[in-house]
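If you want the building blocks of each chain, they are given just below.
2 protein chains.
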Amino acid sequence: MREVESGSPKSERTQVVLRVRAKILEAARNWFNRHGFIEVQTPILVPLSQGLESSSFRVQYFENEAHLAQGACPYLEALMARLGKVYTITPAFRAERSSTKRHLTEFWRVECLAPALELEDIVKVMERLITSICRYLSKEACEELHILKRDLSSINPPFPRMSYSKAIEFLQEEAIDTFWGQEIDAKREEHLSRKFDKPFFISHFPMGAQTFFFKSCPQRTELALVADLLAPEGYGEIATCGEMIDDFEELHTKLEITGIDEENYKWHIDLKRSVPHPHSGFAVGIERLVMWICGLKHIKETTLFPRMSQRALSDVS
Amino acid sequence: MREVESGSPKSERTQVVLRVRAKILEAARNWFNRHGFIEVQTPILVPLSQGLESSSFRVQYFENEAHLAQGACPYLEALMARLGKVYTITPAFRAERSSTKRHLTEFWRVECLAPALELEDIVKVMERLITSICRYLSKEACEELHILKRDLSSINPPFPRMSYSKAIEFLQEEAIDTFWGQEIDAKREEHLSRKFDKPFFISHFPMGAQTFFFKSCPQRTELALVADLLAPEGYGEIATCGEMIDDFEELHTKLEITGIDEENYKWHIDLKRSVPHPHSGFAVGIERLVMWICGLKHIKETTLFPRMSQRALSDVS
Numbered sequence: 001m002r003e004v005e006s007g008s009p010k011s012e013r014t015q016v017v018l019r020v021r022a023k024i025l026e027a028a029r030n031w032f033n034r035h036g037f038i039e040v041q042t043p044i045l046v047p048l049s050q051g052l053e054s055s056s057f058r059v060q061y062f063e064n065e066a067h068l069a070q071g072a073c074p075y076l077e078a079l080m081a082r083l084g085k086v087y088t089i090t091p092a093f094r095a096e097r098s099s100t101k102r103h104l105t106e107f108w109r110v111e112c113l114a115p116a117l118e119l120e121d122i123v124k125v126m127e128r129l130i131t132s133i134c135r136y137l138s139k140e141a142c143e144e145l146h147i148l149k150r151d152l153s154s155i156n157p158p159f160p161r162m163s164y165s166k167a168i169e170f171l172q173e174e175a176i177d178t179f180w181g182q183e184i185d186a187k188r189e190e191h192l193s194r195k196f197d198k199p200f201f202i203s204h205f206p207m208g209a210q211t212f213f214f215k216s217c218p219q220r221t222e223l224a225l226v227a228d229l230l231a232p233e234g235y236g237e238i239a240t241c242g243e244m245i246d247d248f249e250e251l252h253t254k255l256e257i258t259g260i261d262e263e264n265y266k267w268h269i270d271l272k273r274s275v276p277h278p279h280s281g282f283a284v285g286i287e288r289l290v291m292w293i294c295g296l297k298h299i300k301e302t303t304l305f306p307r308m309s310q311r312a313l314s315d316v317s
Numbered sequence: 001m002r003e004v005e006s007g008s009p010k011s012e013r014t015q016v017v018l019r020v021r022a023k024i025l026e027a028a029r030n031w032f033n034r035h036g037f038i039e040v041q042t043p044i045l046v047p048l049s050q051g052l053e054s055s056s057f058r059v060q061y062f063e064n065e066a067h068l069a070q071g072a073c074p075y076l077e078a079l080m081a082r083l084g085k086v087y088t089i090t091p092a093f094r095a096e097r098s099s100t101k102r103h104l105t106e107f108w109r110v111e112c113l114a115p116a117l118e119l120e121d122i123v124k125v126m127e128r129l130i131t132s133i134c135r136y137l138s139k140e141a142c143e144e145l146h147i148l149k150r151d152l153s154s155i156n157p158p159f160p161r162m163s164y165s166k167a168i169e170f171l172q173e174e175a176i177d178t179f180w181g182q183e184i185d186a187k188r189e190e191h192l193s194r195k196f197d198k199p200f201f202i203s204h205f206p207m208g209a210q211t212f213f214f215k216s217c218p219q220r221t222e223l224a225l226v227a228d229l230l231a232p233e234g235y236g237e238i239a240t241c242g243e244m245i246d247d248f249e250e251l252h253t254k255l256e257i258t259g260i261d262e263e264n265y266k267w268h269i270d271l272k273r274s275v276p277h278p279h280s281g282f283a284v285g286i287e288r289l290v291m292w293i294c295g296l297k298h299i300k301e302t303t304l305f306p307r308m309s310q311r312a313l314s315d316v317s
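Chains as they are written, first to last, in this note's numbering: chain A, 1 to 317; chain B, 1 to 317.
Derived from the structure by calculation, the hints contain no laboratory data. Wrong hints could be hidden among the right ones.
For each label pair, taking beta carbons as the anchor points, the in silico distance ranges come out as [unchecked claim]: (1) B:N30 x A:D177: 28 to 34 Å; (2) A:S11 x B:E256: 41 to 47 Å; (3) B:E263 x A:S55: 28 to 34 Å; (4) B:K149 x A:Q182: 27 to 33 Å; (5) A:H298 x B:E96: 37 to 43 Å.
To give an idea of the interface, some chain A residues facing chain B are shown, with a C-beta separation under 8 Å as derived from the structure [stated by the list, open to error]: (6) T14; (7) Q60; (8) F305.
All of these numbers come straight from a predicted model, not from anything done at the bench. Ideal Cβ placement from N, Cα and C applies to all residues, glycine included.
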């Protein structure tokens with residue numbers, strides 16, 4: 001057997017990160033399986049891009065055009081309607097040009113959906129999952145974390161929480177030019193996230209393209225029943241959770257407002273007649289989670305073959 | 001909470017199949033983790049389609065064209081060179097028109113690679129994995145198997161083996177029009193596979209497009225060091241295993257014979273300088289494995305959103 005080159009310190013670090021990545025997925029699956037979630041797969045080739053056409057990769061699918069899925073919804077909803085609590089670990093794609101250090105065009109997501117849960121419940125589920133992953137790593141990847149100089153022992157619930165409105169106020173107090181209704185972009189997220197030493201939630205964002213699948217708040221319909229989970233130390237958003245639309249009337253209204261042709265969404269609207277009421281879910285960006293847990297400077301370090309808009313598709317690892 | 005429609009016998013059957021599918025993946029991962037394999041992810045967006053251009057889906061990737069990966073090689077090799085034994089559970093895509101009952105255009109595969117193993121070794125690894133999955137299901141999914149009227153208790157090693165040449169002879173004896181060098185197509189596989197009541201191997205196929213990544217047999221260079229695993233009862237091929245090219249000279253020669261522009265494969269050739277010698281791997285088609293284990297008539301029954309060349313991409317489940 002030929003000896004494989006033992007490698008530079010940089011390649012040793014890559015190995016360690018890839019091992020931690022594998023352990024994170026193992027921890028997540030263990031948690032889901034222990035809590036009665038069933039693993040499923042959702043399609044990558046999809047006919048519609050769910051109101052997110054501008055950030056969708058197009059595929060020549062025989063005579064037709066298809067899109068690469070940007071997430072598992074609404075397929076995961078159809079599976080939940082049959083199986084109850086479900087989760088998937090799946091690639092997703094986003095055709096956005098970005099020069100930040102935390103955007104890939106191809107990435108993996110952990111997504112889950114569960115009947116009977118409201119926003120407050122799914123926030124707790126998410127908190128428990130992230131805590132469970134950190135505890136598992138502290139035990140099963142302690143050598144790797146030591147090499148990376150990372151300590152996860154202080155990651156315990158409850159995670160701090162603030163509303164979107166509070167976050168905007170806070171940014172304004174810190175003299176960062178921000179107005180209510182504005183997206184909290186990477187720079188602003190980084191600023192907020194430097195104030196914390198464990199993950200924290202920002203909830204009740206204004207309704208918009210990013211909240212297409214989520215219910216609106218009954219008391220304030222301009223807000224979505226959604227919460228982002230941000231990692232500390234400047235890492236920013238790693239996950240989104242929320243209460244999904246469970247009523248075809250609400251989806252109907254939403255499509256009308258967004259100006260999307262309802263004819264294309266017939267199946268999606270019909271699906272809303274059979275989904276549990278309420279139901280909630282979340283999506284975790286695996287590479288972003290790896291980036292924070294391993295303390296990496298750039299998301300490209302989380303995988304051997306990063307796909308980024310700012311560089312040509314290349315096989316050189 | 002709204003009650004979800006309890007569903008027809010057909011939809012109950014779908015639920016059972018989806019539960020078995022989840023248990024199969026759980027069993028496979030347990031096996032790999034127990035045996036020291038590390039889970040990795042390989043890219044879906046790839047610049048080249050590894051000599052399989054005609055069956056590749058094309059993606060508009062910003063200003064360039066990309067392909068959807070048809071399998072994890074050679075990315076899995078690069079990961080193995082760094083991590084040792086690796087496996088992945090990943091979607092794969094094939095743009096082939098087919099009217100058979102066992103082809104999807106989008107499907108999932110379990111792929112693995114291990115250093116130091118030759119063909120004979122990887123055949124045994126594959127045998128052990130399939131046996132382990134069957135035993136796990138007999139224990140953990142006995143209710144589901146009972147509903148599907150399936151019994152896996154007789155699936156024990158060793159699995160029968162024949163060479164490609166023997167398989168051709170056998171088909172000729174059965175008066176099926178076949179010549180040496182011909183592909184054993186779905187119809188012929190079905191015929192062979194009806195003679196067995198447990199999975200069986202056909203090994204040492206003639207070199208061709210399907211064996212691009214595999215080494216040739218030192219004694220008979222026209223044969224590939226490869227073995228297909230076929231399921232019994234007419235189901236046919238569910239997996240392929242083999243010894244991978246581990247020498248850049250051999251890959252160089254192969255590219256020359258195939259007429260592929262070597263310039264595009266520079267990274268792949270360079271990679272062969274750092275991979276262990278020897279190394280072997282396999283790929284299992286998850287939907288085909290589910291189809292056999294659940295005793296299904298059509299591969300579309302293995303998933304809620306089947307993608308098939310003979311029908312338009314549709315969301316209706």
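Tested hints:
| no. | hint | verdict |
| --- | --- | --- |
| 1 | B:N30 x A:D177: 28 to 34 Å | 53 Å, violated |
| 2 | A:S11 x B:E256: 41 to 47 Å | 31 Å, violated |
| 3 | B:E263 x A:S55: 28 to 34 Å | 33 Å, holds |
| 4 | B:K149 x A:Q182: 27 to 33 Å | 59 Å, violated |
| 5 | A:H298 x B:E96: 37 to 43 Å | 38 Å, holds |
| 6 | T14 | 7 Å, holds |
| 7 | Q60 | 5 Å, holds |
| 8 | F305 | 5 Å, holds |
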